[in-house]
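Visitor: The primary structure of each chain is shown beneath.
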Amino acid sequence: MIQLQQTKSLDKHYLEELGFVWHTDSDESSYIADRLVVISEEEAEAYYEAGNRLYEMFIEAGEHIIKNNLFHEIGIPFNLVELIKASWESEVHWHLYGRFDLAGGIDNQPIKLLEFNADTPTALFETAIIQWAILKKNSLNEEGQFNGLYEALIDNFKRLVTLEESVDAFEERYEGWKFLFTSIKGDTEEEQTVRLLQHIATEAGYETQFAYIDEIEFGKESGIVYEGETYELWFKLIPWEDIALEEPDLAMILKDIVLDQKAIIFNPAYTLMFQSKGMLKILWDLFPNDPLLLESSFEPLKNQKQVAKPIFGREGGSVSILNADGTTEAKIEGGYANHKMVYQAYTKLPTDTEGSSYQAGLFYVYESCALGFRKGGLILDNMSKFVGHIVR
Amino acid sequence: MKHIKKLSDYAVATGVGVLLAAGLSGCQQKSEESQQSSEIKKGAFVIIEETAPGKYKIKDEFPSDETRIVLKQLDGTEKVLTQEEMALLMKEEDAKIENGTSNLTKPKEEQVASQGMSLGETILASAAGAMVGAWIGNKLFGNQNYQNNRQAGYKSPSTYSKSANSFNKNANSAKSTPKGKSGFFGGGKSTSSSSSSFGG
Numbered sequence: 000m001i002q003l004q005q006t007k008s009l010d011k012h013y014l015e016e017l018g019f020v021w022h023t024d025s026d027e028s029s030y031i032a033d034r035l036v037v038i039s040e041e042e043a044e045a046y047y048e049a050g051n052r053l054y055e056m057f058i059e060a061g062e063h064i065i066k067n068n069l070f071h072e073i074g075i076p077f078n079l080v081e082l083i084k085a086s087w088e089s090e091v092h093w094h095l096y097g098r099f100d101l102a103g104g105i106d107n108q109p110i111k112l113l114e115f116n117a118d119t120p121t122a123l124f125e126t127a128i129i130q131w132a133i134l135k136k137n138s139l140n141e142e143g144q145f146n147g148l149y150e151a152l153i154d155n156f157k158r159l160v161t162l163e164e165s166v167d168a169f170e171e172r173y174e175g176w177k178f179l180f181t182s183i184k185g186d187t188e189e190e191q192t193v194r195l196l197q198h199i200a201t202e203a204g205y206e207t208q209f210a211y212i213d214e215i216e217f218g219k220e221s222g223i224v225y226e227g228e229t230y231e232l233w234f235k236l237i238p239w240e241d242i243a244l245e246e247p248d249l250a251m252i253l254k255d256i257v258l259d260q261k262a263i264i265f266n267p268a269y270t271l272m273f274q275s276k277g278m279l280k281i282l283w284d285l286f287p288n289d290p291l292l293l294e295s296s297f298e299p300l301k302n303q304k305q306v307a308k309p310i311f312g313r314e315g316g317s318v319s320i321l322n323a324d325g326t327t328e329a330k331i332e333g334g335y336a337n338h339k340m341v342y343q344a345y346t347k348l349p350t351d352t353e354g355s356s357y358q359a360g361l362f363y364v365y366e367s368c369a370l371g372f373r374k375g376g377l378i379l380d381n382m383s384k385f386v387g388h389i390v391r
Numbered sequence: 000m001k002h003i004k005k006l007s008d009y010a011v012a013t014g015v016g017v018l019l020a021a022g023l024s025g026c027q028q029k030s031e032e033s034q035q036s037s038e039i040k041k042g043a044f045v046i047i048e049e050t051a052p053g054k055y056k057i058k059d060e061f062p063s064d065e066t067r068i069v070l071k072q073l074d075g076t077e078k079v080l081t082q083e084e085m086a087l088l089m090k091e092e093d094a095k096i097e098n099g100t101s102n103l104t105k106p107k108e109e110q111v112a113s114q115g116m117s118l119g120e121t122i123l124a125s126a127a128g129a130m131v132g133a134w135i136g137n138k139l140f141g142n143q144n145y146q147n148n149r150q151a152g153y154k155s156p157s158t159y160s161k162s163a164n165s166f167n168k169n170a171n172s173a174k175s176t177p178k179g180k181s182g183f184f185g186g187g188k189s190t191s192s193s194s195s196s197f198g199g
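These protein sequences, in sequence, are chains A and B.
In this text, residue positions in the first sequence follow numbering that gives the first Met the number 0: the first is 0, and each later residue adds one.
In this text, residue positions in the second sequence follow numbering that gives the first Met the number 0: the first is 0, and each later residue adds one.
I should point out that these hints are in silico values taken from the structure, not numbers from a laboratory.
It should be emphasised that the depicted structure is a prediction, and the values quoted were computed from it without experimental measurement.
Glycine included, each C-beta is placed from N, C-alpha and C at the ideal position.
Don't take every hint at face value.
[Said to hold, decoys possible] When the alpha-carbon atoms are kept at most 30 Å apart in a straight line, the in silico DSS-like pairs for lysine-lysine are as follows: (1) B:K95 - A:K184; (2) B:K180 - A:K177; (3) A:K219 - A:K177; (4) A:K219 - A:K254; (5) A:K177 - A:K254; (6) A:K7 - B:K105; (7) A:K304 - A:K347; (8) B:K105 - B:K58; (9) A:K347 - A:K66; (10) B:K95 - A:K177; (11) B:K180 - A:K184; (12) B:K54 - B:K78; (13) B:K105 - A:K84; (14) A:K177 - B:K78; (15) B:K78 - A:K11; (16) A:K111 - A:K254; (17) A:K219 - B:K95; (18) A:K330 - A:K304; (19) A:K136 - B:K180; (20) A:K136 - B:K54; (21) A:K135 - B:K58; (22) A:K177 - B:K105; (23) A:K254 - A:K304; (24) B:K54 - A:K254; (25) A:K135 - B:K78; (26) A:K84 - A:K66; (27) B:K105 - B:K95; (28) A:K301 - A:K84; (29) A:K301 - A:K111; (30) A:K301 - A:K330.
[What the hints assert, rightly or not] Some chain A residues judged to face chain B by a derived CB distance under 8 Å, without partners named: (31) V166; (32) A168; (33) F169; (34) K184; (35) T201; (36) I212; (37) E214; (38) I215; (39) E216; (40) S221.
With the hints as constraints, model all of the structure from the sequences given.
Guide: Structure representation (C-alpha cells):
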C-alpha cells in the first residue's frame, strides 16, 4: 500500500495569484490532492537512474527509426519526416524538456515505462512550484523533495546556446536572440504552462515575448515574426502532429524556416518520434525483456491482460484495458479511436487504501530532475488529480 | 540522494521565490493588455538587481495590479520591499531632488562617472516610480533630464525598450512583413484537451 501524508491544502486565492488557475476540476473537486506520497531516498534515486537510462534507450531507438525509415510505422505524418531528420542531425535542436509516465517505483513495484511525453508535456507548474509550496505551507522539510525542475530548466535554456553540459559560457555567447513563447488561444492551463517557461527563460537571460499562434506570421523568407519583430527561437506548446495534420501549410513553412536556419523550434520535431506510442514497440524490439519496459506490439498481445492505446492519444482518450480473454475491463472514450493502436502489457499501478491508482511523472531536462504523481481510476484521464511527494 | 538536486538548494537564489511572492501575474498582464487595450494596470512588478555595492539596475518589469518590488541583492538573496521601506527611500530621493543631488534630474554631462544609481533612484526610474513616487510628482516626472536618464537605470537597453513597449498602451501593431502567413489555429483547438491534465 502506498504511504501518504496528510497536509493542509493551499488556498485557491493564493494558487490563482501564482497563476495556477486550473486548481478545480469540472466536478468542483480540487485538482491538487491534500496528501503527499511518501517515498524513500532509494526510491527517488531509482527513478533518477531509470529516467536517464530510458532516455539513452530513446536516443538509440530514434537513431534506429531514422536509419531504417520507420516513420510510417510509428505513425509520423509524412510532411514532418524531412523536418524530423533535419532536427535530428543538428545539435542546435536541443531537447528542452520531457516527462516520462511510469508505473511502479514505489510500494516495492518495479519501475516500468508507460510512455514518454517528449513533445508537449504539461504538469510543469504542479511539479516545479505547487508541490514545493505545499511543503512550505506545512512547514515540512523543504529538502525532502526530488524536485530540481526549475533550476534544471534554467540551465537547459542556457544550453540552447552553449550546447554543452556547462552553462558558464551562456552570457558570453548569447547574442540577444529573441525567444517567442506560444500556445493556442483559449486553453488557460497550456497558456500558463507556456508563460511559466517564458518566465524561466527570462530568468536564464533571454529576451522573451509571448504570442498566441494565430497572431504570429510565418514566412519562408521572413521567418517567425510577431508585431514586426523577428524571433530566432520559438517555443510552442502545440503538438507537432496537430501542426502536420490540421495546419499542413504551417508544417511546410516551418520546415523551410528550420532548413534555412531562420529559427530554431522547441521542442524539436524529432521529439514527436519519442512522443509516439509506436516507440514502445520499437523499444521492445531493440531491448526485449528490459526490466524498465513492458512488452508492446502493433498487434494484440496473445493471452495476457493488456492496454490498447492510440499512437498519439492524450489524457487517456480512446484507451482501453483488455483482459487476457479479449474482453474489455475498462475504457475511456475519446477522439483518437481512428489512430493506429499500440498494445502494451498491463501492469497494475500502486494503489492507496481508497483504491486510487498512482502513476509517477518523471521530468527529464538534460537528466532526470523532478518527480510528481497523478492519481485516478484504472485509466488515468483528465479527471485525475495531481499528488505531490516528500522524500523521507 | 547524491545525484538528486533539491529545490531548496537554490529556491532563494532564483526565481521560484519571486514566483511564490508574485506569481505569474506580472507576465500575464502583458498579453491581457494587448487584448484589452483600454484597461490600464495601476501597478508594476519590478525586479531590481544590485550590480555593485549600493548600485542598482532594473532587471525586468511588468504591469500588474499591485506594485511590488523584488530586490536581488549582491549576496544572492532576494526580498520584496515593504511599503515602509519604499516610503523611506522615496523620502530620501525627494530630498535629493530638492537639493539637486539626484542622479535622475542632473543632465548627463554633470553626472559623476556614474556606476549606476542608488536604490531609490532606480525605483523612481522604473515603471513603479510613477506609483510609489507619485507624490513627488512633477518635480521629477516633468523634468527632461529624468526622462533622458531613466534608461540608465535598466540593466540593458533591451530591457528598457521591452519594458517601454509593454507599458505603452498605444503600441502600434502594424504588420510589416508581407511574405509571412498568419492565423494558424485561429479557430482554437479541435482536439479539446481539458484542464487538469498530466497532458500530452
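Visitor: Each hint needs a verdict: does it hold in this structure or not?
Guide: Hint-by-hint comparison with the structure:
1. B:K95 - A:K184: violated, 48 Å
2. B:K180 - A:K177: holds, 20 Å
3. A:K219 - A:K177: holds, 18 Å
4. A:K219 - A:K254: holds, 9 Å
5. A:K177 - A:K254: holds, 20 Å
6. A:K7 - B:K105: Roughly 54 Å separates the two Cα atoms, so the pair is violated.
7. A:K304 - A:K347: holds, 10 Å
8. B:K105 - B:K58: Cα-Cα ~23 Å, so holds.
9. A:K347 - A:K66: With Cα atoms ~35 Å apart, K347 of chain A and K66 of chain A exceed 30 Å; violated.
10. B:K95 - A:K177: violated, 38 Å
11. B:K180 - A:K184: Status holds; Cα separation ~17 Å.
12. B:K54 - B:K78: holds, 16 Å
13. B:K105 - A:K84: Violated. K105 of chain B to K84 of chain A sits at ~58 Å, over the 30 Å cutoff.
14. A:K177 - B:K78: holds, 29 Å
15. B:K78 - A:K11: holds, 24 Å
16. A:K111 - A:K254: Violated: K111 of chain A and K254 of chain A sit about 35 Å apart, past 30 Å.
17. A:K219 - B:K95: violated, 55 Å
18. A:K330 - A:K304: holds, 14 Å
19. A:K136 - B:K180: Outside the cut-off at roughly 48 Å; violated.
20. A:K136 - B:K54: This hinted pair is violated, its Cα atoms lying about 34 Å apart.
21. A:K135 - B:K58: holds, 27 Å
22. A:K177 - B:K105: violated, 34 Å
23. A:K254 - A:K304: violated, 41 Å
24. B:K54 - A:K254: Violated: K54 of chain B and K254 of chain A sit about 47 Å apart, past 30 Å.
25. A:K135 - B:K78: holds, 17 Å
26. A:K84 - A:K66: holds, 10 Å
27. B:K105 - B:K95: holds, 11 Å
28. A:K301 - A:K84: Roughly 35 Å between the alpha carbons, so the hint for K301 of chain A and K84 of chain A is violated.
29. A:K301 - A:K111: Since the Cα atoms of K301 of chain A and K111 of chain A sit roughly 20 Å apart, the hinted pair holds (cutoff 30 Å).
30. A:K301 - A:K330: holds, 19 Å
31. V166: violated, 13 Å
32. A168: violated, 18 Å
33. F169: violated, 14 Å
34. K184: Where the cut-off is 8 Å and the nearest Cβ of chain B is about 6 Å from K184 of chain A, the hint holds.
35. T201: holds, 6 Å
36. I212: At about 5 Å, which falls below the 8 Å cut-off, the nearest Cβ of chain B leaves the hint on I212 of chain A intact, so it holds.
37. E214: Cβ of E214 of chain A sits 7 Å from chain B, so the hint holds.
38. I215: holds, 6 Å
39. E216: E216 of chain A check passes; min Cβ-Cβ to chain B is 3 Å, inside 8 Å.
40. S221: holds, 4 Å
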